[in-house]
Amino acid sequence: MKDQFVVPARLKKTSFVLMGVGLLTLLIGLIAFQGENATRFWAGLLQNSSFFLLITLASTFFIAATTLAHGGWQIAFRRVPEAISMAVPALCAILFIIVMILVFGGKEHIYHWVNAHHVAEDKILTWKSAFLNKGFFTTATILTMGLWIFFTLKLRNMSIEEDGWDLKPETGRKLIWRNTVWCGGFLVVYTLSVGSTTPWLWLMSIDAHWFSTMYSWYTFASSWVSGLSLIALFVVYLKKHGYLTYVNEEHLHDLGKFIFAFSIFWTYLWFSQYMLIWYANMPEETEYFQPRVWGEWRPIFFLNLLINFITPLLFLMKRDTKRNYTSVAFIAVVVIAGHWLDFWQMVGPGTYKHLVFPWYELGLGAGFVGLIIFLVANALTKAPLVPKNHPYLKESIVHHT
Amino acid sequence: MAVKNFVVGLFDDEAVLFPAVKKVRTAGYKLHDVYTPFPVHGLDHAMGLRETSLHTAGFIYGITGTTTALSFMSWVFNVDWPLNIGGKPHFPLPAFIPITFELTVLFAAVGMVMTFCYLCQLMPGVKKHIFHPRQTDDKFVMVIELTEKANAEEVKRFLNEAGAHDVNEQRAEAGWWYGRFDKADEDIYARPANA
Chain H
1 MKDQFVVPAR
11 LKKTSFVLMG
21 VGLLTLLIGL
31 IAFQGENATR
41 FWAGLLQNSS
51 FFLLITLAST
61 FFIAATTLAH
71 GGWQIAFRRV
81 PEAISMAVPA
91 LCAILFIIVM
101 ILVFGGKEHI
111 YHWVNAHHVA
121 EDKILTWKSA
131 FLNKGFFTTA
141 TILTMGLWIF
151 FTLKLRNMSI
161 EEDGWDLKPE
171 TGRKLIWRNT
181 VWCGGFLVVY
191 TLSVGSTTPW
201 LWLMSIDAHW
211 FSTMYSWYTF
221 ASSWVSGLSL
231 IALFVVYLKK
241 HGYLTYVNEE
251 HLHDLGKFIF
261 AFSIFWTYLW
271 FSQYMLIWYA
281 NMPEETEYFQ
291 PRVWGEWRPI
301 FFLNLLINFI
311 TPLLFLMKRD
321 TKRNYTSVAF
331 IAVVVIAGHW
341 LDFWQMVGPG
351 TYKHLVFPWY
361 ELGLGAGFVG
371 LIIFLVANAL
381 TKAPLVPKNH
391 PYLKESIVHH
401 T
Chain S
1 MAVKNFVVGL
11 FDDEAVLFPA
21 VKKVRTAGYK
31 LHDVYTPFPV
41 HGLDHAMGLR
51 ETSLHTAGFI
61 YGITGTTTAL
71 SFMSWVFNVD
81 WPLNIGGKPH
91 FPLPAFIPIT
101 FELTVLFAAV
111 GMVMTFCYLC
121 QLMPGVKKHI
131 FHPRQTDDKF
141 VMVIELTEKA
151 NAEEVKRFLN
161 EAGAHDVNEQ
171 RAEAGWWYGR
181 FDKADEDIYA
191 RPANA
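Chains as they are written, first to last, in this note's numbering: chain H, 1 to 401; chain S, 1 to 195.
Check each hint, because a few of them may be wrong.
Said to hold, decoys possible - Calculated pairs, DMTMM-like style, for lysine to aspartate or glutamate (alpha carbon to alpha carbon, straight line, at most 20 Å):
no., chain 1, residue 1, chain 2, residue 2
1, S, K88, H, D163
2, S, K139, S, E161
3, S, K156, S, E169
4, S, K23, S, E154
5, H, K2, H, D122
6, H, K240, H, D320
7, H, K382, H, E395
8, H, K318, S, E51
9, S, K88, H, E284
10, H, K257, S, E51
11, S, K128, S, E169
12, H, K382, H, D163
13, S, K4, S, D185
14, H, K394, H, D166
15, S, K88, H, E287
Claimed, not checked - Taking beta-carbon pairs under 8 Å as the criterion, some of the chain H residues facing chain S (in silico):
no., residue
16, W182
17, W270
18, M275
19, W278
20, H400
As the list claims (entries may be wrong) - Label-pair restraints from in silico Cβ distances:
no., chain 1, residue 1, chain 2, residue 2, range
21, S, L31, H, K154, 37 to 45 Å
22, H, H241, S, G86, 38 to 46 Å
23, S, P89, H, H209, 43 to 51 Å
24, H, G105, S, H55, 53 to 61 Å
25, S, R134, H, K174, 41 to 49 Å
26, H, K318, S, C120, 47 to 55 Å
27, H, A261, S, K88, 50 to 58 Å
28, S, D182, H, L276, 50 to 58 Å
Source of the hints: derived by calculation from the structure; they are not laboratory data.
None of these values were measured; they are calculated from a predicted model.
Just so you know, even glycine gets a beta-carbon here, dropped at the ideal spot from N, CA and C.
All chains, please: the whole structure from these sequences, using the hints.
Okay, structure coming up:
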């Protein structure tokens, strides 16, 4: 049984090439987007870093949610989401630097509420200034990122520490209890941040006049379904390379069901946000959808629905596609690309306005993918791939859907 | 449907039942059904039953619901009785989506429940032969159909060896028929077998 992951040279090379592409794109962007065009430089960075941070953070959420639900099926591959979540601190640091430059560097084409003049002359922004101000933005960002990193590291360290424990029933009870407590704590933080204020601050405040209470849940759904796809991709990769002996089609089937279900959940939130605004038809609310539905971004708007709803719905409907490694890997890539596109159309129309071929954004995305592969592969080597003392491990091995 | 001859055996434990099911299949006897007190994982595979097509039926019912809802609403608001409601277009797709969704779910759910009942031959007002009063209570009951090739005594001996008890031979209607469990029927067993 191969229980200790060794990074294959090819994977390492791929991650370095992708990171190289990302860095090169960043340099080209720095030269190409000067002056007024600098908006696109920063918007691309904001879009990519927030997207990739949130999809890796979804792994911590996966661990917390399944632990709290007393799920046993995921234990056989629990080290995979754990390893993915180890990319959170680095990605937090990148995003933190970017938003701090945006806020304190006076990048008012991204966040125009950072300009004190605008706010003073603008009644709506004056009203919102108790929430949308530099101090609150910074405090909330530091607090949420700090707590995410703290809980992510805590859950990972506990899991590794438990490898040195024994299999006695009272040890098992202690293990479950302390995991439940810490996961519960993380879920409270996660709900109040990703499920509430964080996407409002980082992304919704691009369109500072506009508001939608569905926005954070919509962002959460987007990042959660792509996060699940990311877990599935790594599971398939490890399985194909002969690791994860205890994982079989049954586990993959459940991951596939999750991707299927949360694609529909995303559509439900997408529709709830769209229909309320369409129905009420108030100018201050419809301004968000004007460039997206009736402007240049129209093809992207409908492509978004096609990739993120129709494709997973029809593709994953059959049992066989959810139990096949190749087809799950394929749909996982489609879903991640689709939600990357979703984040692109969330950020683009409010910042650089015009629809252009996203070579710069895609290049940066490749860089982030390389970074995630590098960090996760590294984290996977740090611990055995099976948490051998977890009381639910047997339940996971005999798992049957 | 037809009246057939069966050999019935009772099992106390699924651990005994599973190997017995496999032995029956390798011996080539015709397994009529196995009645269990609870769903037994993997028993369908052991019995060699094919995958159900209930989900395909569900998909067809679902798209029927979608089509019904969309076509009926568009007909009503565009052809039959066009009304100006809040300045919205006559084909307001977003406003149709919730109803379309609900009708899709309704058609799929009701259709699948009824198909399931039909496939399992369960319906109010119909009756099936009960091979043993405890067959879904606390006993696992295996029913083997007697064909021309299978001798009753041989099958009984076979079941006893496989761990069954209270092995007996029954002559019964294999399918369902109109009737009530609290009322006696006319004597359907008087008809000749395989009539």
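Here is what the structure says about each hint:
no. : hint                        : in the structure
1   : K88/S x D163/H              : violated (62 Å)
2   : K139/S x E161/S             : holds (18 Å)
3   : K156/S x E169/S             : holds (8 Å)
4   : K23/S x E154/S              : holds (14 Å)
5   : K2/H x D122/H               : violated (62 Å)
6   : K240/H x D320/H             : holds (18 Å)
7   : K382/H x E395/H             : violated (25 Å)
8   : K318/H x E51/S              : holds (12 Å)
9   : K88/S x E284/H              : holds (18 Å)
10  : K257/H x E51/S              : holds (19 Å)
11  : K128/S x E169/S             : holds (17 Å)
12  : K382/H x D163/H             : holds (12 Å)
13  : K4/S x D185/S               : holds (18 Å)
14  : K394/H x D166/H             : holds (15 Å)
15  : K88/S x E287/H              : holds (18 Å)
16  : W182                        : violated (33 Å)
17  : W270                        : violated (11 Å)
18  : M275                        : holds (5 Å)
19  : W278                        : holds (5 Å)
20  : H400                        : holds (6 Å)
21  : L31/S x K154/H: 37 to 45 Å  : violated (54 Å)
22  : H241/H x G86/S: 38 to 46 Å  : violated (58 Å)
23  : P89/S x H209/H: 43 to 51 Å  : violated (27 Å)
24  : G105/H x H55/S: 53 to 61 Å  : holds (55 Å)
25  : R134/S x K174/H: 41 to 49 Å : holds (44 Å)
26  : K318/H x C120/S: 47 to 55 Å : violated (23 Å)
27  : A261/H x K88/S: 50 to 58 Å  : violated (32 Å)
28  : D182/S x L276/H: 50 to 58 Å : holds (54 Å)
Comparing the model with each earlier hint shows violations of hints 1, 5, 7, 16, 17, 21, 22, 23, 26, 27; every other hint is respected.
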